[in-house]
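Enquirer: Sequence:
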Amino acid sequence: MAKIKTTFFCQNCGAQFAKWQGQCTSCKEWNTIAEEVIQKAEKVSWDTSTSAGGQGSASKRAAKPLKVNEISLSAESRMNTKNSELNRVLGGGLVPGSLTLLGGEPGIGKSTLMLQVALQLPYKTLYVSGEESAQQIKMRAERIHPDSENCYILTETKTQNIFRNITDLQPDIVVIDSIQTLHTDHIESSPGSISQIRECTTELIKYAKETSTPVILIGHITKDGNIAGPKILEHMVDTVLQFEGDRNHIYRILRANKNRFGSTNELGIYEMQGNGLREVANPSEILISKNEEELSGTAISATLEGMRPLMIEIQALVSTAVYGTPQRSATGYNAKRLNMILAVLEKRAGFKLGAKDVFLNVTGGITVDDPAIDLAVVAAVLSSNIDIAIDKRMCFAAEIGLAGEVRPVTRVDQRIIEAAKLGFSSIIISKYCKLPKQNYRIDIIKLAKVHDVVKHLFG
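In our numbering, the protein residues as written are 618 to 1076.
Source of the hints: derived by calculation from the structure; they are not laboratory data. Hints are supplied without guarantee of correctness; some may be wrong.
Distance windows between CB atoms, simulated [said to hold, decoys possible]:
#1 S750 / R1028: 43 to 53 Å
#2 E748 / Y1049: 50 to 60 Å
#3 A1065 / Q1031: 16 to 26 Å
#4 E759 / S936: 22 to 32 Å
#5 E759 / I867: 19 to 29 Å
#6 N874 / N686: 26 to 36 Å
#7 H1073 / R1028: 15 to 25 Å
Quick list of in silico lysine to any residue cross-link-like pairs, SDA-like style, CA-CA up to 25 Å [what the hints assert, rightly or not]:
#8 K1063 / E1022
#9 K953 / N874
#10 K775 / S807
#11 K826 / L786
#12 K1063 / E963
#13 K826 / N782
#14 K699 / L771
#15 K1072 / R1010
#16 K1063 / A1006
#17 K1072 / A972
#18 K1072 / L955
#19 K875 / I725
#20 K636 / N892
#21 K826 / G709
For clarity, every value in this text was computed on a predicted model and none was experimentally measured. The beta carbon of each residue, even a glycine, is placed where N, CA and C say it ideally should be.
Required output: the full structure, derived from the provided sequences and hints.
Expert: So this is what it looks like as structure tokens:
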């Protein structure tokens, strides 16, 4: 039996130390170093000799260096998850042999999303739960998708037992809920510790790569919003997904923070319902208010999330500062950029906003960093300041420069097409935008300066 020894890990960043010290020299945090009992294991739980048709790791031929032009490239066929939003964020589906990590707040719907995907998959799927009993999962499955025949449920936390069942079942996809609950006999520290998470993930990576079976891990997050465990966990996996949203609202957003097989700019939107998560194919329907009367302080902007165009509503409220010091508050928008735009309006357009409170909100609970919404922010702020409503059939797509110029934005033709498709009658863009020659079913208004925008909107 291997010798058991003690070492020290930083619970914040995962750095290893030979002895205890007050401050971690890696992340500079205090009192985060804890002692863990580890054991040097000579092998991991998964061995190709136990798999069907495997020859064992000892008989594998040693790798040799190859020239780049000598490596044969075969197109990997992705596995369709039957969930269009998840497919979009992953880049087209699950890649065989990939390891995907899904993180999110407690109660946001991580387990519901993965169980819903597992129940709908046409492949043999093993859903391993270390947090719930089989009866609890069955109750949720009856509500989401009661007639699945390809999903197998296993309630287990020991990796040796999990791999024993995997060898017998030979699943096409494995889902682990969650990685922080697993433990292996090769490490004697408690489940959820730095060394346990790292060792269990290593075993799962070895299994996924050697059998070309995609593995999806659900991960807890810390109070800072980072995935719990060592930072190396995010480096080890192929894809890191973040499930966001407010538990008090019904909409959820799925983002990719890392993706070795696709873009990280894609966005998936879901609506939480009693029978699971509904995919929102047209996000603009939830991001724009359904108001019959025209209200001041609102403007619609055409933005992009990855390849997907969205129409979002910007709300602004400008009022006299009653406490002497004006407040500047922005929800879903960069507060520093709001201050910059207010300075441009005061300097270039002559609006005296220095003694007024300004509040800005992006509806739908999402955060947008696309500079193309600058013009909509300007329109909403000015509309609220003079209390005149903007035509709700008009939208905006342009960036504002420090000289007060209306700057062009990328892929403006996609924004125009999306606005026309949703029934908008006009869109204001930069005068310097270069558009392809085609007939757009919308009135395109090109302006060059902020004061031109003010004159066009309010006369």
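Enquirer: Would you mind marking each hint as holding or not holding in the structure?
Expert: Status of each hint after checking the structure:
Separated by about 49 Å at the C-beta atoms, S750 and R1028 satisfy the suggested range of 43 to 53 Å. Against the hinted window of 50 to 60 Å, the Cβ-Cβ separation of E748 and Y1049 comes to about 55 Å, which satisfies the hint. Range check, A1065 to Q1031: about 22 Å between beta-carbon atoms, so the 16 to 26 Å window is met. Checked against the hint of 22 to 32 Å, the C-beta distance between E759 and S936 comes to roughly 51 Å, which is inconsistent with it.
The hinted window of 19 to 29 Å between E759 and I867 holds, with their beta carbons roughly 21 Å apart. Restraint check, N874 to N686: a C-beta distance of roughly 33 Å satisfies the suggested window 26 to 36 Å. Between H1073 and R1028 the beta carbon distance is about 24 Å. The supplied range of 15 to 25 Å therefore holds. A C-alpha spacing of about 12 Å is found between K1063 and E1022, which places the hinted pair at or below 25 Å, so the restraint holds.
At most 25 Å may separate the alpha-carbon atoms for a hinted pair to count; K953 and N874 meet this at roughly 24 Å. Between K775 and S807, the direct Cα distance comes to roughly 12 Å. Compliance with the 25 Å bound is thereby established for this hinted pair. For the hint pairing K826 with L786, the CA-to-CA distance comes to about 18 Å; that is within 25 Å, so the pair holds. For the proposed pair K1063 and E963, the alpha carbon gap of about 22 Å is at most 25 Å, so the pair holds.
A distance of roughly 18 Å separates the Cα atoms of K826 and N782; the hinted pair therefore holds under the 25 Å criterion. A distance of roughly 22 Å separates the Cα atoms of K699 and L771; the hinted pair therefore holds under the 25 Å criterion. Restraint check for K1072 and R1010: satisfied, since their Cα atoms lie roughly 18 Å apart, inside the 25 Å limit. Note on K1063 and A1006: the hinted pairing holds, with a Cα-Cα distance of about 21 Å set against a maximum of 25 Å.
Distance hint between K1072 and A972 is fulfilled; the C-alpha atoms sit about 23 Å from each other, no more than 25 Å. Proposed proximity of K1072 and L955 is supported: the alpha carbons are some 21 Å apart, at most 25 Å. Note on K875 and I725: the hinted pairing holds, with a Cα-Cα distance of about 20 Å set against a maximum of 25 Å. Restraint check for K636 and N892: the C-alpha separation of about 51 Å exceeds 25 Å, so the hint is violated.
A distance of roughly 20 Å separates the Cα atoms of K826 and G709; the hinted pair therefore holds under the 25 Å criterion.
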